[in-house]
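Student: Below, each chain spelled out in residue letters.
Number of protein chains: 2
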Amino acid sequence: MAFNLWLQYPELAKDIEKVKHNLQDKISVDYPDLQTALSKMASNGGKFLRPAFFLLFTKLTADSQNRVDDKKLIDIATSLEVLHMSTLIHDDIIDDSPKRRGEVSVQSQFGKDIAVYAGDYLFTVFFDLITDNVLDTPFFKINSRTMKKILLGELNQMKHRYNTQQTFLNYLRNVNGKTAYLFRLASAEGAYFGGASSQTVSLATRIGQNIGISFQILDDILDYSDASRLNKPTLEDLATGVYSLPLLLVLNEDSDELHTLLAKKQDLTLPEIQRIQALVVELGGVEKAKDLAAKFTNKALIDIDKLPDSTAKKKLAKLTKVLLKRTN
Amino acid sequence: MAFNLWLQYPELAKDIEKVKHNLQDKISVDYPDLQTALSKMASNGGKFLRPAFFLLFTKLTADSQNRVDDKKLIDIATSLEVLHMSTLIHDDIIDDSPKRRGEVSVQSQFGKDIAVYAGDYLFTVFFDLITDNVLDTPFFKINSRTMKKILLGELNQMKHRYNTQQTFLNYLRNVNGKTAYLFRLASAEGAYFGGASSQTVSLATRIGQNIGISFQILDDILDYSDASRLNKPTLEDLATGVYSLPLLLVLNEDSDELHTLLAKKQDLTLPEIQRIQALVVELGGVEKAKDLAAKFTNKALIDIDKLPDSTAKKKLAKLTKVLLKRTN
Chain A
748 MAFNLWLQYP
758 ELAKDIEKVK
768 HNLQDKISVD
778 YPDLQTALSK
788 MASNGGKFLR
798 PAFFLLFTKL
808 TADSQNRVDD
818 KKLIDIATSL
828 EVLHMSTLIH
838 DDIIDDSPKR
848 RGEVSVQSQF
858 GKDIAVYAGD
868 YLFTVFFDLI
878 TDNVLDTPFF
888 KINSRTMKKI
898 LLGELNQMKH
908 RYNTQQTFLN
918 YLRNVNGKTA
928 YLFRLASAEG
938 AYFGGASSQT
948 VSLATRIGQN
958 IGISFQILDD
968 ILDYSDASRL
978 NKPTLEDLAT
988 GVYSLPLLLV
998 LNEDSDELHT
1008 LLAKKQDLTL
1018 PEIQRIQALV
1028 VELGGVEKAK
1038 DLAAKFTNKA
1048 LIDIDKLPDS
1058 TAKKKLAKLT
1068 KVLLKRTN
Chain B
748 MAFNLWLQYP
758 ELAKDIEKVK
768 HNLQDKISVD
778 YPDLQTALSK
788 MASNGGKFLR
798 PAFFLLFTKL
808 TADSQNRVDD
818 KKLIDIATSL
828 EVLHMSTLIH
838 DDIIDDSPKR
848 RGEVSVQSQF
858 GKDIAVYAGD
868 YLFTVFFDLI
878 TDNVLDTPFF
888 KINSRTMKKI
898 LLGELNQMKH
908 RYNTQQTFLN
918 YLRNVNGKTA
928 YLFRLASAEG
938 AYFGGASSQT
948 VSLATRIGQN
958 IGISFQILDD
968 ILDYSDASRL
978 NKPTLEDLAT
988 GVYSLPLLLV
998 LNEDSDELHT
1008 LLAKKQDLTL
1018 PEIQRIQALV
1028 VELGGVEKAK
1038 DLAAKFTNKA
1048 LIDIDKLPDS
1058 TAKKKLAKLT
1068 KVLLKRTN
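As you go down the protein sequences, you meet chains A and B in turn.
To convert a position in the first sequence, counted from 1, into our numbering, add 747.
To convert a position in the second sequence, counted from 1, into our numbering, add 747.
Please keep in mind that the hints were generated in silico from the structure rather than gathered at the bench.
Check the hints yourself; a few may be wrong.
Identical copies go unnamed one by one, so any copy, or any two together, can satisfy a pair.
Stated by the list, open to error - Each computed DSSO-like pair below joins lysine-lysine, with the alpha-carbon atoms no more than 27 Å apart:
1) K1060 / K818
2) K1062 / K1042
3) K1042 / K1053
4) K773 / K906
5) K895 / K906
Let's have the full structure, built from the sequences with the hints guiding it.
Tutor: So this is what it looks like as structure tokens:
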């Protein structure tokens, strides 16, 4: 999907190319190895979903006089990808992930030393971009707050490792931090800088939030439905006590086998993890998670329908359906 | 020195207490273990030098009408310590430091996971503080740039690990990143928000920079003069190829023994490191470093003398002499 997603959106694809070039320019750093690592990460496999949603939302109001100039829009779109990349790099340190976007991750290539500073460096690039482009708007504080919320989401996820009592509400807090806040920011910021009304900006905020949640739930489901995903990260998520949604939704089921296995915590073997995955499917966790994803997708689609009519609105609805695997 | 430094400055000591309270308030986070770690780190042993220099510089212009209100000054002073703490936490990950300010470091207490996020979290606290307090002044960009320069200094230090050809100019780049930029920011920002003239702000910038360089050189010298400092961090600096100034100043000396030892890089044993330290002293590295520190201290003192006359100016001269171990 990653490489074909934008084929049907040639105008958007062109703008995403601009974001990619701008990104390469902004992340340049006088440290050859790090430069190589960041450039590779920026050019390999990333779907640029956050910039894409941002760009689509800027086009909601056709020929708006309030739209800021294109260079600014490309810079803001870039800032979203930079923030995303910086959190990915730091997440990889924590997960000890060997791979990122199909390539060797920054931390496994250069060690955690460089990875810590690489993520920090991207935070400063992010702040430069928002300082230069959104400083005199309400979105400066919203950006800064988003970064904080992403971190609090990560910390909350850590706090609830191995917690077999955690609730869906708590999961939502984590998902907000991991994914939804950034989709929400991208959408709201797109509407705002595209010159949309404050009512449309509010709608965009909610749309981005719900798309983000559904997107993360579907990502969680992949761990249980695609054998090729049964790889180190999945294994590590379970072994490090990060429970994804399908598992979380069957924690209350009366299965001694499941709870005995989970009690092993970090000592789970690969066959045991595979058994947990089979149990989660058997107990209906995947189906329940799919239902929840559909609920959030529907919420987003209902709100998209309320947007002012435009080509961008139709593209947005279509992209949301494709991305969130709606068949109708 | 840490605990007695402010005894002779009762007014300053009172303001530093305010900064400490404010710091505890700002770093509060809904994650009990992390909260404990950050609180401990904020209350233990830190000299609060950067806030102290900032506060002294705010008082240069007695009863200036341009001085911003006290709450803002305490917030800005706090932001300097928060930025300092965040870089310390990430540095400890890279150095695998077991101790920080005499206490167990965040990373060795909670693992690198929490330490990565703890540092990131403090970055967001820093940005909140500068957003709330200096957004509409030139110091917003200067703060943001300082954070970037600190990181580039760290990256430059890594780039030159085990580099026996590195120059004093390169060392200065590292020192700027490690220490001097933040002292410079503290001093310049203090003068500016204290309502001083732009000429005085320029002087303050230079004073802070030179104090920072001298301070770091003296810290480097301590590794060679105080047996109690011959501990894990010193050992690690050498073993990880980070050459402090006294060593760097004798790299050109004609000593086969020194170069044979250095060629062992990360395989140096403790006795070998002790031998390197003895050689550095023998070859005059410590003396040369002391001369350089004195040069930068003198530059700072000459500039302090040019400041408008005030009680704060006298205190500043005295503190600089005490801190930088000037005997006259």
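Student: Indicate, hint by hint, whether the structure satisfies it.
Tutor: Structure-based check of each hint:
no.: 1; hint: K1060 / K818; in the structure: within (23 Å within a copy, 47 Å between copies)
no.: 2; hint: K1062 / K1042; in the structure: within (21 Å within a copy, 66 Å between copies)
no.: 3; hint: K1042 / K1053; in the structure: within (17 Å within a copy, 69 Å between copies)
no.: 4; hint: K773 / K906; in the structure: between (34 Å within a copy, 21 Å between copies)
no.: 5; hint: K895 / K906; in the structure: within (16 Å within a copy, 30 Å between copies)
The earlier numbered hints are all upheld by this structure, with none contradicted.
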